[in-house]
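Peer 1: Each chain is listed here by its residues.
2 protein chains.
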Amino acid sequence: MGDYRALWSKLNMDLEKHDKLCAVLPEMFGETYLTQENRPDGMNYFNFVVSEVHGLRIEELDTHRKNGGKVLGTFCVFVPDEVILAAKAIGVGLCGGSQFWIEDGETIMPRNICPLIKAFVGAKVGGTCPYVQSCDMLVGETTCDGKKKAWEILNELVPVHVMDLPQMKKAKDYKMWMEEIKLFIAKVEELTGNKITLQGLKDAIELCNRKRNALKRLYEFRKYTPSPISGLDALLISQIAFYDDPERFTQNVESLCDELEERVKTLKPNGKKRIMITGTPMAIPNWKLHSIIEGLNAEVVVEETCTGTRYFENEVSSEGDTIEDIIKNLADRYLNINCACFTPNDGRIEDIIRYSSEYKIDGVINCNLSFCHSYGIEYARVEKSLKEKNIPVILIETDYSTEDSGQIKTRVEAFLEMISNK
Amino acid sequence: MGDYRALWSKLNMDLEKHDKLCAVLPEMFGETYLTQENRPDGMNYFNFVVSEVHGLRIEELDTHRKNGGKVLGTFCVFVPDEVILAAKAIGVGLCGGSQFWIEDGETIMPRNICPLIKAFVGAKVGGTCPYVQSCDMLVGETTCDGKKKAWEILNELVPVHVMDLPQMKKAKDYKMWMEEIKLFIAKVEELTGNKITLQGLKDAIELCNRKRNALKRLYEFRKYTPSPISGLDALLISQIAFYDDPERFTQNVESLCDELEERVKTLKPNGKKRIMITGTPMAIPNWKLHSIIEGLNAEVVVEETCTGTRYFENEVSSEGDTIEDIIKNLADRYLNINCACFTPNDGRIEDIIRYSSEYKIDGVINCNLSFCHSYGIEYARVEKSLKEKNIPVILIETDYSTEDSGQIKTRVEAFLEMISNK
Numbered sequence: 067m068g069d070y071r072a073l074w075s076k077l078n079m080d081l082e083k084h085d086k087l088c089a090v091l092p093e094m095f096g097e098t099y100l101t102q103e104n105r106p107d108g109m110n111y112f113n114f115v116v117s118e119v120h121g122l123r124i125e126e127l128d129t130h131r132k133n134g135g136k137v138l139g140t141f142c143v144f145v146p147d148e149v150i151l152a153a154k155a156i157g158v159g160l161c162g163g164s165q166f167w168i169e170d171g172e173t174i175m176p177r178n179i180c181p182l183i184k185a186f187v188g189a190k191v192g193g194t195c196p197y198v199q200s201c202d203m204l205v206g207e208t209t210c211d212g213k214k215k216a217w218e219i220l221n222e223l224v225p226v227h228v229m230d231l232p233q234m235k236k237a238k239d240y241k242m243w244m245e246e247i248k249l250f251i252a253k254v255e256e257l258t259g260n261k262i263t264l265q266g267l268k269d270a271i272e273l274c275n276r277k278r279n280a281l282k283r284l285y286e287f288r289k290y291t292p293s294p295i296s297g298l299d300a301l302l303i304s305q306i307a308f309y310d311d312p313e314r315f316t317q318n319v320e321s322l323c324d325e326l327e328e329r330v331k332t333l334k335p336n337g338k339k340r341i342m343i344t345g346t347p348m349a350i351p352n353w354k355l356h357s358i359i360e361g362l363n364a365e366v367v368v369e370e371t372c373t374g375t376r377y378f379e380n381e382v383s384s385e386g387d388t389i390e391d392i393i394k395n396l397a398d399r400y401l402n403i404n405c406a407c408f409t410p411n412d413g414r415i416e417d418i419i420r421y422s423s424e425y426k427i428d429g430v431i432n433c434n435l436s437f438c439h440s441y442g443i444e445y446a447r448v449e450k451s452l453k454e455k456n457i458p459v460i461l462i463e464t465d466y467s468t469e470d471s472g473q474i475k476t477r478v479e480a481f482l483e484m485i486s487n488k
Numbered sequence: 067m068g069d070y071r072a073l074w075s076k077l078n079m080d081l082e083k084h085d086k087l088c089a090v091l092p093e094m095f096g097e098t099y100l101t102q103e104n105r106p107d108g109m110n111y112f113n114f115v116v117s118e119v120h121g122l123r124i125e126e127l128d129t130h131r132k133n134g135g136k137v138l139g140t141f142c143v144f145v146p147d148e149v150i151l152a153a154k155a156i157g158v159g160l161c162g163g164s165q166f167w168i169e170d171g172e173t174i175m176p177r178n179i180c181p182l183i184k185a186f187v188g189a190k191v192g193g194t195c196p197y198v199q200s201c202d203m204l205v206g207e208t209t210c211d212g213k214k215k216a217w218e219i220l221n222e223l224v225p226v227h228v229m230d231l232p233q234m235k236k237a238k239d240y241k242m243w244m245e246e247i248k249l250f251i252a253k254v255e256e257l258t259g260n261k262i263t264l265q266g267l268k269d270a271i272e273l274c275n276r277k278r279n280a281l282k283r284l285y286e287f288r289k290y291t292p293s294p295i296s297g298l299d300a301l302l303i304s305q306i307a308f309y310d311d312p313e314r315f316t317q318n319v320e321s322l323c324d325e326l327e328e329r330v331k332t333l334k335p336n337g338k339k340r341i342m343i344t345g346t347p348m349a350i351p352n353w354k355l356h357s358i359i360e361g362l363n364a365e366v367v368v369e370e371t372c373t374g375t376r377y378f379e380n381e382v383s384s385e386g387d388t389i390e391d392i393i394k395n396l397a398d399r400y401l402n403i404n405c406a407c408f409t410p411n412d413g414r415i416e417d418i419i420r421y422s423s424e425y426k427i428d429g430v431i432n433c434n435l436s437f438c439h440s441y442g443i444e445y446a447r448v449e450k451s452l453k454e455k456n457i458p459v460i461l462i463e464t465d466y467s468t469e470d471s472g473q474i475k476t477r478v479e480a481f482l483e484m485i486s487n488k
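Same order as they appear, the protein sequences are chains B and S.
Going left to right, the first sequence walks through residues 67 to 488 as the working numbering numbers them.
Going left to right, the second sequence walks through residues 67 to 488 as the working numbering numbers them.
Hints listed in this document are in silico derivations from the structure and should not be mistaken for laboratory results.
Remember, predicted model here, so these are calculated numbers, not experimental data.
Ideal placement from N, C-alpha and C gives every residue a C-beta, glycine not left out.
One or more hints might be untrue.
[Stated by the list, open to error] To give an idea of the chain S side of the interface with chain B (calculated C-beta under 7 angstroms), a few residues: (1) 174; (2) 212; (3) 440; (4) 484.
[Said to hold, decoys possible] When the alpha-carbon atoms are kept at most 35 angstroms apart in a straight line, the in silico DSBU-like pairs for lysine-lysine are as follows: (5) B:236 to S:426; (6) S:248 to B:253; (7) B:238 to B:132; (8) S:282 to S:426; (9) S:248 to B:453; (10) B:238 to S:338; (11) S:241 to B:238.
With the rest of the complex left out, here is chain B (with noise of 0.2 angstroms):
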């Protein structure tokens, strides 16, 4: 990675604090990823992407902001994106997933919270995230009480627009969704300048829409058995899918699909259980529980999280003649991602047997980032429903620390050796 100090230092970072997680990650990548053996050389341009996570990106967004651009941090898969793009801003994820933000957020948040929440927290407490430090407004949403209250305390560290997520699915709740869409685009349009029109959503639903595509091809050769592409190189790409310019991020996964194309052809079996994570996002660089399952002799196949099918599933339509009927494509498509913060929540259920007999799964992992109440007692219903189709399932709570991992460890050999006696 090049100097980027003197750009950190602009976007009143703390440098020496920062300087900590940078002695950390390439250490933790290096060993998690690079000494996976056989990958795609496709993998290349994501590994590149990891070692300037910090510095090109955000040199991309300081120059965007220079130019006039805007940059908007999100939090959650239900904040339109190609609102964001249709107003020549750039739209950034920033779910931590690191345990280095940890102790910063416990300073301003309770310690039983998602280590999730408690990371975006503390990288703006701490000032020790340079895309938090790069946005001009944080979009926040109500889809859970930690994130919810949570804003709330942001807000008074920098401006965050909440967007209203209805906790139903009913006929009123499409029409809610609609109009905080609408109250969205006015809020982009005057932090932006930039006028929002019919012509500027169809480009940015096309855009997106592309970007999905090359996503779930991805996930289509997954279905193979052995998976040409590892879990863990799997959800790298879906992490950086929220913060990676979208064009040249498809145009990657398109190209690293071509040589899939070409690897699926000379499989052979592995001899590895097929396994699906399903449950809470899995944040950049929360790599644990991949890491874990795939050391094991096992490969993680599909993920139905926020960090995988939720993230790319289901088109935006692009049809219509007027703004108000795009904004009602994109109210279908965002209120039809099935996240348990949704009452009742049956659509997930229904995608996780699917997925079972799609991916060819042999076991199902619910992970369950600590605190999390909505996945949490969620759980017993993903359990009761997979084990009346006889698909075994473990549920694995945990957050962002190492001190569990080799309980995990332990708990997910006894699994695949469950299976295997099956």
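Following the hints, put chain S in place on chain B, whose structure we already have.
Peer 2: Quick look at chain S alone, frame taken from chain B:
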């Protein structure tokens, strides 16, 4: 208490397990309540209600049902009692305050959920609460992630209607809440077979407002120094408000208030520190924190909680010529409750500051039920606001177990000493 075993048996209760609960409660009540000195005579009614908590009132519910009436179980101050009463049904608050139910709750819920939720789920799962067993329908709401997802689990055991509470207080949210009240009216009419009329709603509003005003009158007496009634006794009255017959309850609160009106003429200083409790509700029989505080040289003189001011503040207007008018009045009153489930929730901070002066508070104890994210995160703002006003405040996070009682006592003692040295 009389012999209600035949009745409990008819309600499909686990009699053996329930016996264990019945064996603990009287002793606990005796130790906590009957050892208090110089209690008002008017407390005898409430002592009696507790002594018959699983008896006489359950018999009343049974008689009501035998006569074709319905019983609805509620969990939250946002569910409008007026609608239930207008349909000639009985509403009973079901929030559980006993450690006894936790074990059964944890068989189906994660452990790191607030004890109130685990308790009411456990009460249903174990079949050990005659109130839950007497209900024809439960009425949930989307006030927190824990409850929102708990309804899905309870709905497999008993019919649950969920009211979708907005998460903000914008104009659209008042409209949405009106729609939810309409859906609730339709549901209650369907369940009871009784048409809800304009006059029925007006009568119910009049009764509920009288009940609110009786509680308000009670709280006015607590503004005296010293308070003519203990915090423990006031808490018990609030807890009983949720399940007693509203007419009889109101009459008895008023009689008690008549007595207090005489008492305040001859008050003598007792040197006790005046404490406000703010935070999460204390469902019966959760008397833990009040008991610890009043066992020291302090008295609780106001609770800014759902088992306190949030329950009775603000009347519902009965002005209007149509049911639509009344629904608007209901929406206005209920949505103005300042619960941490809203973002932002500035009204609660204003309430706490105002009560601090009205009740001449020496210190505020913010009680948070373990794992309540909304109130837990909001504490940062409560603390900041109170410190700006130079009002001492501490946070106590606890559940229903007695394991931490000694530790809490030590912390409250230190807090009182700190106040004295100010």
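Peer 1: All hints are to be evaluated individually against the structure, with a verdict given for each.
Peer 2: Going down the list of hints, with the structure as the test:
1. 174: holds (6 angstroms)
2. 212: holds (5 angstroms)
3. 440: holds (5 angstroms)
4. 484: Since the shortest Cβ distance to chain B is 22 angstroms, the answer is violated.
5. B:236 to S:426: violated (47 angstroms)
6. S:248 to B:253: Judged against 35 angstroms, a Cα distance of about 32 angstroms means the pair holds.
7. B:238 to B:132: Violated, at about 42 angstroms.
8. S:282 to S:426: holds (17 angstroms)
9. S:248 to B:453: The given pair, whose Cα atoms are some 39 angstroms apart, is violated under the 35 angstroms limit.
10. B:238 to S:338: Violated, at roughly 53 angstroms.
11. S:241 to B:238: OK: residue 241 (chain S) and residue 238 (chain B) at ~11 angstroms, within 35 angstroms.
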